[in-house]
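Let chain C serve as the given structure and place chain L on it in line with the hints.
For the record, the sequence lines run as chains C and L.
For the first sequence, the working numbering begins at 1 and goes up steadily by one.
For the second sequence, the working numbering begins at 1 and goes up steadily by one.
Simulated from the structure, these hints should not be mistaken for lab results.
Glycine included, each C-beta is placed from N, C-alpha and C at the ideal position.
Mixed in with the good hints there might be a few duds.
[Stated by the list, open to error] Per label pair, the in silico range of CB-to-CB distance:
{"hint": "1", "chain 1": "C", "residue 1": "Asn37", "chain 2": "L", "residue 2": "Glu109", "range": "53 to 59 Å"}
{"hint": "2", "chain 1": "L", "residue 1": "Ala73", "chain 2": "C", "residue 2": "Asp79", "range": "32 to 38 Å"}
{"hint": "3", "chain 1": "L", "residue 1": "Ser71", "chain 2": "C", "residue 2": "Thr140", "range": "42 to 48 Å"}
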Amino acid sequence: MLLLVCPMLAHAQAKRPTLMVVPTNSWCAEHGFLLKNTQQGATTQIPDYESALNNSIELVSVITKIGELMSDRGFPLKDLSQTIKTLRQDEAEDEMLTSRSSGAILAETSIDRLLKRAKADILLEMAWKVNKTGPRNSVTYLLRGIDAYTNKQVAASQGTGQPSISTELPVLLQEAVLDNMDNFIIQLQNHFEDLVANGREVSIGIRIFDNGSDLSFESEFNDKELTDIIEEWMTQNTVAHRFNLTDATETMMNFEQVRIPLYKENGKATDARNFVNELRKYLKTSFDITSKIVTKGLGRADLILGEK
Amino acid sequence: MIRQSSCYNNYNKLEIMVRYMKLYGLSLILLMLPLELFSSGIGEEYSIEGAGTGVEGTYLVKVTLISKKASVADEAFVRCAVHGVLFRGFENQLLRQHQRAMVGSEQEEEHADFYEIFFRNDLSSYAKVVEDSRQVRMTGKKYRISSIVQVFKDKLRRDLEEKGVIKKLTNGF
Numbered sequence: 001m002l003l004l005v006c007p008m009l010a011h012a013q014a015k016r017p018t019l020m021v022v023p024t025n026s027w028c029a030e031h032g033f034l035l036k037n038t039q040q041g042a043t044t045q046i047p048d049y050e051s052a053l054n055n056s057i058e059l060v061s062v063i064t065k066i067g068e069l070m071s072d073r074g075f076p077l078k079d080l081s082q083t084i085k086t087l088r089q090d091e092a093e094d095e096m097l098t099s100r101s102s103g104a105i106l107a108e109t110s111i112d113r114l115l116k117r118a119k120a121d122i123l124l125e126m127a128w129k130v131n132k133t134g135p136r137n138s139v140t141y142l143l144r145g146i147d148a149y150t151n152k153q154v155a156a157s158q159g160t161g162q163p164s165i166s167t168e169l170p171v172l173l174q175e176a177v178l179d180n181m182d183n184f185i186i187q188l189q190n191h192f193e194d195l196v197a198n199g200r201e202v203s204i205g206i207r208i209f210d211n212g213s214d215l216s217f218e219s220e221f222n223d224k225e226l227t228d229i230i231e232e233w234m235t236q237n238t239v240a241h242r243f244n245l246t247d248a249t250e251t252m253m254n255f256e257q258v259r260i261p262l263y264k265e266n267g268k269a270t271d272a273r274n275f276v277n278e279l280r281k282y283l284k285t286s287f288d289i290t291s292k293i294v295t296k297g298l299g300r301a302d303l304i305l306g307e308k
Numbered sequence: 001m002i003r004q005s006s007c008y009n010n011y012n013k014l015e016i017m018v019r020y021m022k023l024y025g026l027s028l029i030l031l032m033l034p035l036e037l038f039s040s041g042i043g044e045e046y047s048i049e050g051a052g053t054g055v056e057g058t059y060l061v062k063v064t065l066i067s068k069k070a071s072v073a074d075e076a077f078v079r080c081a082v083h084g085v086l087f088r089g090f091e092n093q094l095l096r097q098h099q100r101a102m103v104g105s106e107q108e109e110e111h112a113d114f115y116e117i118f119f120r121n122d123l124s125s126y127a128k129v130v131e132d133s134r135q136v137r138m139t140g141k142k143y144r145i146s147s148i149v150q151v152f153k154d155k156l157r158r159d160l161e162e163k164g165v166i167k168k169l170t171n172g173f
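Chain C extracted, bound-state conformation (with noise of 0.2 Å):
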């Protein structure tokens, strides 16, 4: 048996986390490539990204750095452009798209609408400002890796390089770049080891479809509350038991911090979405819980109880 176990766990890979550099809002802002968005009365700004890469052929050679950087570590990143260039062309071929027999078009949930956004599981924020000083310049910059499900700051560089009287803008941004990479890939190296270490990090949401059906967290089955039989389960499944119930009142419960293993028990790679399946099985056969999940990338992912 464990002549059969071996071999599928040595070729088991984990998915490797998509990584996309994007300016930072503050770049955005300051550079007026801003899109203002008006909600329910609400306006809001958001950084114009595709306005951003038409414009400013510093962040496209800064970009173009980066990533070039990146691959030559084997860990080539998503392309801001090219995703939304990707975005784009897909909503165009979405509208065109109809039904042979019906003429019905693709239907289209609002939850679908807003996930159409370009995307990754680490974004790298990067910002740079030029600071004058008489006749001097020099380049302030700023790269960090956030991850976007879980909103913490992986790994961080910035500096501020020499002042320079004839160095032009793109050598400086260049020197910038090549100065500050290797510290910020040696953290992006330790929060990677740290994931194959301590299992992938996480977060985990579970709601209740309002249907009437009476559903509640606090619902008994077998003298349990719902609660508590899903905080049993994450206990049981994550490693070394470690999560954060951040959130939990009749109608929800957060976790965060929820420690997944890289692999399944067959030796295939798992992520948020396989994870929350495994509890979707478990309350279906266990309790007959009809649930429906939605995945927001690899580290995020949403079970919801009472219905597909």
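What follows is chain L alone, placed relative to chain C:
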């Protein structure tokens, strides 16, 4: 007799003064030594600091060796530069440089057997001394000899990754 005694006293004072000067001189020399200076596992007493941004794939570092002799072979600078880049990291406040160690000193202990042989080998493919960059200064009875060294850090890291002593970024994925 009186003159002899006066002479003797003067001689004593002179001797005390010389002793004090030696003591203060020695303290001054000790204060001048940088704090990061200490003996390494490769048997050299050296300090390392940044020397500007190198071309892509390289670091430029200034290595200072403490030696009883004024002439030190380039190989010693190369060895110290590679050792410093791997296990100590370097910085330079003036040039606003700060670089972490490539692997950290705990790795030196973990793979002690490998590094013992590694540092005895020819390391010229990983670093070279920049021509005409040598400076020699005498402090006390020892020489402080500095050279700028170009370290081919990408090649160094790749080779050590191949040998399995450094983990790749993709390790585990």
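Hint check, failures only: 2
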